[in-house]
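Generate the whole structure from the sequences, applying the supplied hints.
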Amino acid sequence: MSVSTITAGPRRGWRSAGTWIGAIIVGIAAFCALFAPLLVPHDPFAQDIPNRLMVPFWMEGSSPDHLLGTDQLGRDYLARLIYGCRISMMIGVTVSIVSGLIGITLGVLGGFMGGRIDDAVLFAITTRLSIPVVLVALAVVGLLGSSLPLLVITLGLLQWDRFAVVARSTTMQVRNLDFVSAAWCAGCSRFRILTREVLPNIASHLVVVATLEIALAILLEAALSFLGLGVPPPLPSWGLMIAEAKDYMFFSPWVIMIPGAALFVLVLGINLLGDGLRDQFGARSP
Amino acid sequence: MLQFLVRRLIVALLVTVTVMTLAFMLTRLSGDLAISIAGPSATKADIDAVRLAYGLDRPLVVQFFDWVGHAATGDLGDSYFFKTRVSQLIGERMPVTLTLGLTGLVIALVVSLPLGILAAVRENTPFDRAVQVVALLGQAMPSFWLGLILMIVFGLQLGWLPISGADSWQSFIMPGVVLAFSAIPALTRLTRAGMIQSMGSDYIRTARAKGLSRASILLKHALRNAAIPVVAIAAVQLGFMLGGSIVIEQVFALHGVGYLAWESIQKNDFPVVQSVVLVLAVIYVALTMLADMMNAVLDPRLRGG
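Heads up: the sequence lines are chains Z and V, in that order. Residue 245 in the numbering used here sits at position 245 of the first sequence; the count goes up by one each step and never skips. Residue 65 in the numbering used here sits at position 65 of the second sequence; the count goes up by one each step and never skips.
Because the hints were derived from the structure by calculation, they are not lab data. Glycine included, C-beta positions come from ideal geometry on N, C-alpha and C. Each hint can be trusted.
Taking beta-carbon pairs under 10 Å as the criterion, some of the chain Z residues facing chain V (in silico):
(1) I131
(2) V141
(3) A215
(4) I270
(5) L272
What follows is the structure, encoded as structure tokens:
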């Protein structure tokens, strides 16, 4: 390997195909989530027992009326899938907002103030990491009964660590730059420096964390719903759809393949988009 | 080194006490425990009897210090549902969870170390990009879904592996693979990044200039330095795996600690729930401490802090 060879790296950011694939997947999911009631061919809650477990379109004997077939209660699978997308996206975004508010506040405070406050923030992060997330979330939902707001708050309270870590380290880098010193000299208040100088300069890093956190929250919600302590039935969460269909999976494997594949593709899309944004902003991976 | 150890120990102790407080508060979230334990058909007298029997009539502060005091001596109380010692219950179930976690970690390391090293050596080649795609796919895979697919394919259609229970070592293959999937992306990326960084450093150039063999440079010089973050993350990942195995134990009907916790949550068996949270947190704290110490041994530069 000679020093003069400059290897052409893979395409990054918006020049990479992966970023576009991710953006398209997320775009479709967002569209489905926003316009679910207009898109669905059937009521996702309407049961039709005589027409239960109908096969999807690629199999012999499918009905053009139910493109993805029906579930064990005869509910249209495509309609439930689209409504499930709405629930996944909503949980992903709202959990990230809650965890972002907590994590960014703690991280920026620790990184900006330093000293004792930073020690306290670091301790909070260490403690948070030692708590088993799935177990505690299950326990909270199990004790208080499952509901969407409770699920969002619980996951938000448990998933702020990455926001805090990234906000803290990037704030530390920005804190000592010249424009912050200039703002101090100009007599700006601490609050003004935090909100007008520091936050805008770490925002791109936080956007990257937010995309990854949305993906993580979606996977967590699915796992909790799968265990029966997440989204309450009959709401069509993808995790819950897999749990309800589990008893039929050996005879009709597609009943778990369809919601699982949807979950996998959506999370993959969000991660692809997040990675692309990270490269675009030139941020380092958290 | 001693100062470093003492500092880490104090932090670990504080974290443990904080987790105990949180776990205690968690189980008191639902309001009156006695009503939940006594069940829906209980009379007022039954509830009062339960309250008295379990010491729930005492002030919360007293209950809390009672729990902390006993837990410090290894006494985690009695299970309401199983009617046995909680420490005994967890002791019986722990081997399954530990076997599962260690199987997962070994599989994850066996897959991600070679992949990460090879990807780093062939940086920016199709192989490197393929490894990164695999890592991305692994990251997006819902573990319980992967578990069900493996059950259908290897359990039902091919009939190679048992789909549930923990009767033989074969029972741990599928759950181990599923658990490993959650750690492989992070471990592979870290190995790759660490190897690329150390391959570009001065001491590797020196080693090359001395005419050392490629294998010796890679394994003795580069890997030793790249291993530092990998060791730390591997220990942390094992902690996450033990905590996250609750989902996989449920899928494969493995009766480990995670399964115990899931049962106890459904049965309102609070002493078990708060104890499992505590035990898993303590294991995680111990693992991260172990990782820090291994790092200090591997990298003398870290000992000062």
